[in-house]
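**Student:** Residue numbers (my numbering), protein chains in the order written: chain A, 1 to 150; chain B, 1 to 150.
Fair warning: there could be bad hints in the mix.
[Claimed, not checked] Rough simulated footprint, nothing fancy, chain A against chain B, three-plus residues with beta-carbon under 8 Å:
#1 24-34
#2 51-64
[To be verified] No more than 27 Å apart at the CA atoms, straight line, and that leaves these computed lysine-lysine pairs for BS3-like:
#3 A/K65 to B/K108
#4 B/K108 to A/K36
#5 B/K65 to A/K36
#6 B/K36 to A/K65
#7 A/K122 to A/K145
#8 B/K65 to A/K65
[As the list claims (entries may be wrong)] One side only, chain A facing chain B, incomplete, derived with CB under 10 Å:
#9 P50
#10 V53
#11 R74
What the hints contain is simulated information worked out from the structure, not anything from laboratory work. Just so we're clear, the structure is a prediction, and the values are computed from it rather than from any experiment. Here a beta-carbon is modelled for each residue, glycine too, at the ideal position from N, C-alpha and C.
2 protein chains.
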Amino acid sequence: MTGYGIIDVAGSRLLPVTYGHVRTSSATGLPERLLKIHEAITSLLAEFRPDDVAVENIFYADNVKTAIVMGHARGAILVAAKTAGADVYEYSPREVKMSVVGNGAASKSQVKFMVARLLSIKETITPDDASDALAVALCRWHRQKLNLRG
Amino acid sequence: MTGYGIIDVAGSRLLPVTYGHVRTSSATGLPERLLKIHEAITSLLAEFRPDDVAVENIFYADNVKTAIVMGHARGAILVAAKTAGADVYEYSPREVKMSVVGNGAASKSQVKFMVARLLSIKETITPDDASDALAVALCRWHRQKLNLRG
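Chain A with its partners taken away, still in its complex shape:
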């Protein structure tokens, strides 16, 4: 499952544009699932034309199998972003949590709480991947505001 979140910055006001996730069936083959992720991200980029694209970095994983799966999905996403001509920024989970919660070791529920608060989202954000994606977008906004590259 791949989460996405697009935010809009109007002055100091932050608003969610859209968020959700791309669901792929484990019954279909890996190439088909990657194509679906690639097409969904390509379609979001074409529709909303974000100025910047930010993705979570992965430098480690619980195990090699998870690392391979995450790597595949990220490959499909990064190709979609670069093909659309976007500048791509990568942030570690720690940087994202630090930006949004002020604590690099924040829990998922703390991240979700602050994401909803910063973006004035009243409803419960589901799934977690969508909340995480909005957090990455907020991290990008925060970094840009601080005029920090990378």
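Following the hints, put chain B in place on chain A, whose structure we already have.
**Tutor:** What follows is chain B alone, placed relative to chain A:
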């Protein structure tokens, strides 16, 4: 480095069409490198329009970092193949070696020797990734001949 190899089957005669590798600079960012791989594979598929595309499966890697990097590149390649509408087949390194050398634990040099022999390639095939890619193509041909799916 990503190797590729395209073969042509005319009756019982096997011939190399093209082979080589996509070189990316470690000085450029990961998204740019993935885009380059994606574009190179897309361009090869458009030029040579292979009936089938086969890639080596990865289920394990020496470590998580290697797994992530390999996953990214495979993600970019699989998206290119599926976007081009190709049927994608995946074979494990063991299956490839078994098909080409008749020994699932064959060495790189044994694979290279048999690839050159089966495809009547007189020159030394470099780099190893190109020879490995031709071996995967030969594995696909072999499997198809045996009428085995997958």
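**Student:** State for each hint whether it applies.
**Tutor:** Each hint tested on the structure:
1. Proximity of the segment 24-34 of chain B to chain A, defined as three or more residues with a beta carbon under 8 Å from a beta carbon of that chain, is established by the 5 residues found.
2. Beta-carbon proximity to chain A at under 8 Å applies to 6 residues in the segment 51-64 of chain B; the threshold of 3 is reached and the given coverage holds.
3. Between A/K65 and B/K108, the direct Cα distance comes to roughly 24 Å. Compliance with the 27 Å bound is thereby established for this hinted pair.
4. For the given pair, B/K108 sits about 35 Å from A/K36 by alpha-carbon distance, which is inconsistent with the 27 Å threshold.
5. A C-alpha spacing of about 25 Å is found between B/K65 and A/K36, which places the hinted pair at or below 27 Å, so the restraint holds.
6. A distance of roughly 25 Å separates the Cα atoms of B/K36 and A/K65; the hinted pair therefore holds under the 27 Å criterion.
7. With a CA separation close to 25 Å, the supplied pair A/K122 and A/K145 stays within the 27 Å bound.
8. Under the criterion of a C-alpha separation no larger than 27 Å, the hint pairing B/K65 with A/K65 is consistent with the structure, at around 11 Å.
9. Hint status for A/P50: violated, given a least beta-carbon distance of 15 Å to chain B, over 10 Å.
10. Because the closest C-beta pair between A/V53 and chain B is about 9 Å apart, less than 10 Å, the hint holds.
11. The closest approach between the C-beta of A/R74 and any C-beta of chain B is roughly 6 Å, which is under the 10 Å cut-off, so the hint is satisfied.
The structure shown violates the earlier hints numbered 4, 9.
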